[in-house]
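Visitor: Residue-level listing of the chains:
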Amino acid sequence: MSITRSEGCAVAPARPAWQYLGAGAAAVGAWWLLYQQLEVLAGYLTYELLGLGRETHLGSSVAFFLFEVPKVLMLLVLVVFGIGIVRSHFTPERTRRLLAGRREATGNVLAALLGVVTPFCSCSAVPLFIGFVEAGIPLGVTLSFLIAAPMVNEVALVLLFGLFGARVALLYLGTGLLIATVAGWVIGRLHMERHVEEWVYSVRIGEASGESGFMTGAERLRYAAQAARAIVGKVWPFVVAGIAVGAGIHGYAPEGLLASIMGKGAWWSVPAAVLLGVPMYSNAAGIVPVVQALIEKGAALGTALAFMMAVIALSLPEMVILRRVLKGRLIATFAAVVATGILLVGWLFNLLL
Amino acid sequence: MKVQILGTGCAKCRQLYANADQAIKAAGLDAELEKVEKIQEILAFGVMATPALAVDGKVKSAGRLLSADEIKRILGAA
Numbered sequence: 201m202s203i204t205r206s207e208g209c210a211v212a213p214a215r216p217a218w219q220y221l222g223a224g225a226a227a228v229g230a231w232w233l234l235y236q237q238l239e240v241l242a243g244y245l246t247y248e249l250l251g252l253g254r255e256t257h258l259g260s261s262v263a264f265f266l267f268e269v270p271k272v273l274m275l276l277v278l279v280v281f282g283i284g285i286v287r288s289h290f291t292p293e294r295t296r297r298l299l300a301g302r303r304e305a306t307g308n309v310l311a312a313l314l315g316v317v318t319p320f321c322s323c324s325a326v327p328l329f330i331g332f333v334e335a336g337i338p339l340g341v342t343l344s345f346l347i348a349a350p351m352v353n354e355v356a357l358v359l360l361f362g363l364f365g366a367r368v369a370l371l372y373l374g375t376g377l378l379i380a381t382v383a384g385w386v387i388g389r390l391h392m393e394r395h396v397e398e399w400v401y402s403v404r405i406g407e408a409s410g411e412s413g414f415m416t417g418a419e420r421l422r423y424a425a426q427a428a429r430a431i432v433g434k435v436w437p438f439v440v441a442g443i444a445v446g447a448g449i450h451g452y453a454p455e456g457l458l459a460s461i462m463g464k465g466a467w468w469s470v471p472a473a474v475l476l477g478v479p480m481y482s483n484a485a486g487i488v489p490v491v492q493a494l495i496e497k498g499a500a501l502g503t504a505l506a507f508m509m510a511v512i513a514l515s516l517p518e519m520v521i522l523r524r525v526l527k528g529r530l531i532a533t534f535a536a537v538v539a540t541g542i543l544l545v546g547w548l549f550n551l552l553l
Numbered sequence: 033m034k035v036q037i038l039g040t041g042c043a044k045c046r047q048l049y050a051n052a053d054q055a056i057k058a059a060g061l062d063a064e065l066e067k068v069e070k071i072q073e074i075l076a077f078g079v080m081a082t083p084a085l086a087v088d089g090k091v092k093s094a095g096r097l098l099s100a101d102e103i104k105r106i107l108g109a110a
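In order, the protein sequence lines correspond to chains A and B. Converting from the first sequence to the working numbering requires adding 200 to each position, the first position being numbered 1. Converting from the second sequence to the working numbering requires adding 32 to each position, the first position being numbered 1.
By construction, these hints were calculated from the structure, which means they are not laboratory data. A virtual CB, placed ideally from N, CA and C, is assigned to each residue, including glycine. Each hint should be verified, as a subset may be incorrect.
Unchecked claim - Within a straight-line C-alpha distance of at most 27 angstroms, the following computed DSS-like cross-link-like pairs (lysine-lysine) qualify:
| no. | chain 1 | residue 1 | chain 2 | residue 2 |
| --- | --- | --- | --- | --- |
| 1 | A | 271 | A | 527 |
| 2 | B | 57 | B | 90 |
| 3 | B | 92 | B | 104 |
| 4 | A | 527 | B | 104 |
| 5 | B | 44 | A | 434 |
| 6 | B | 92 | B | 67 |
Claimed, not checked - The following residues of chain B were derived to be distant from chain A, with all beta-carbon distances above 12 angstroms:
| no. | residue |
| --- | --- |
| 7 | 60 |
| 8 | 73 |
| 9 | 79 |
| 10 | 102 |
| 11 | 108 |
Stated by the list, open to error - For each label pair, taking beta carbons as the anchor points, the in silico distance ranges come out as:
| no. | chain 1 | residue 1 | chain 2 | residue 2 | range |
| --- | --- | --- | --- | --- | --- |
| 12 | B | 53 | A | 251 | 19 to 25 angstroms |
| 13 | A | 237 | B | 60 | 49 to 55 angstroms |
| 14 | A | 390 | B | 89 | 27 to 33 angstroms |
| 15 | B | 89 | A | 232 | 47 to 53 angstroms |
| 16 | B | 89 | A | 448 | 53 to 59 angstroms |
| 17 | A | 243 | B | 57 | 22 to 28 angstroms |
| 18 | B | 67 | A | 282 | 33 to 39 angstroms |
| 19 | B | 89 | A | 245 | 55 to 61 angstroms |
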């Protein structure tokens with residue numbers, strides 16, 4: 201796999217910082233120039249080179265596809281790289297130190313925020329959970345972290361920004377953090393500590409040895425580049441497929457097709473969307489373009505966002521992993537509280553927008 | 033030299049093991065490579081983010097999938 205091989209050129213350790221800054225500024229400048237031209241290029245390709253009519257279904261679909269795919273992929277590379285730089289400053293050990301000794305409430309808010317910037321993969325959810333518990337971090341605060349980490353997803357954020365604009369992206373970020381904070385706090389209030397598997401409390405964690413946390417500037421860049429390559433390499437087929445479906449709906453499905461079943465008037469569509477979304481397991485990249493197409497044809501934004509959040513925040517594989525440290529009752533409560541939060545957010549969006 | 037790969041068996045952990053194996057062979061090092069998969073043992077290293085790599089009991093990297101070249105550098109063979 202190409203992800204695992206770092207290029208030889210990035211190895212030289214002591215290159216002055218201004219070289220990196222200069223190269224970075226040039227790269228962002230070139231990115232911006234190209235990004236500005238995408239719509240014109242897509243139009244030229246579709247209507248001039250391919251000779252499709254502007255008013256036809258096919259022309260409309262093709263232009264949409266040719267514009268959205270490079271646009272979303274370019275945004276994705278930029279944002280995942282930027283987040284990678286931020287994440288290189290946060291290790292789980294550091295996050296644990298920041299959270300240790302926090303009370304509930306402020307702890308929940310901080311944990312949700314740290315859940316976004318701390319590198320996290322669901323395969324290390326178990327060691328992380330035990331590490332947090334062992335440091336005396338309250339259960340509810342730990343769960344705020346574990347809810348926010350998958351729910352506020354940088355790929356989803358980019359796609360929402362690219363396809364809906366800044367307002368929807370910010371609403372998603374804000375409500376995602378809110379759900380993680382409140383859900384963790386609620387579970388903390390329920391005092392479910394005895395529904396954590398007993399062996400968790402007896403694990404002793406060794407002193408972290410070695411210098412695993414420290415990175416030089418060049419290492420941070422390499423770390424971010426590796427993250428960008430790994431994530432974009434993994435999600436691009438979903439993005440392309442999702443936008444292709446979106447393009448088809450964009451060009452062919454009549455306006456308002458879904459207004460009656462997924463529109464604002466149908467209050468039951470939000471719980472139905474959440475129930476449908478929980479057992480589904482997809483990544484954000486595949487789901488957002490489809491959601492966009494649904495909205496364009498009359499589905500309400502709140503319903504569509506609730507569906508997306510349920511798909512990415514609550515997944516069966518993660519529940520199975522967490523089952524090793526949490527008993528069934530706690531897992532069920534966890535899922536129910538988060539699903540309720542998503543439900544309320546869905547209704548709120550439909551009411552406000 | 034003893035090189036240990038800490039991970040609960042996810043895809044990244046297996047890839048890190050393969051990369052470490054490749055690095056040791058390519059550099060011709062006399063190193064023993066071992067997997068640590070039990071969660072209690074991983075935590076005993078003070079590691080919360082897998083995959084991690086330890087050399088002679090000291091954690092050198094955690095939460096990152098290192099390339100073979102990076103591992104060579106850590107092992108002092110590049």
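Visitor: Taking the earlier hints as the rules, which of them does this structure contradict?
Guide: 1, 4, 8, 9, 10, 12, 14 and 17
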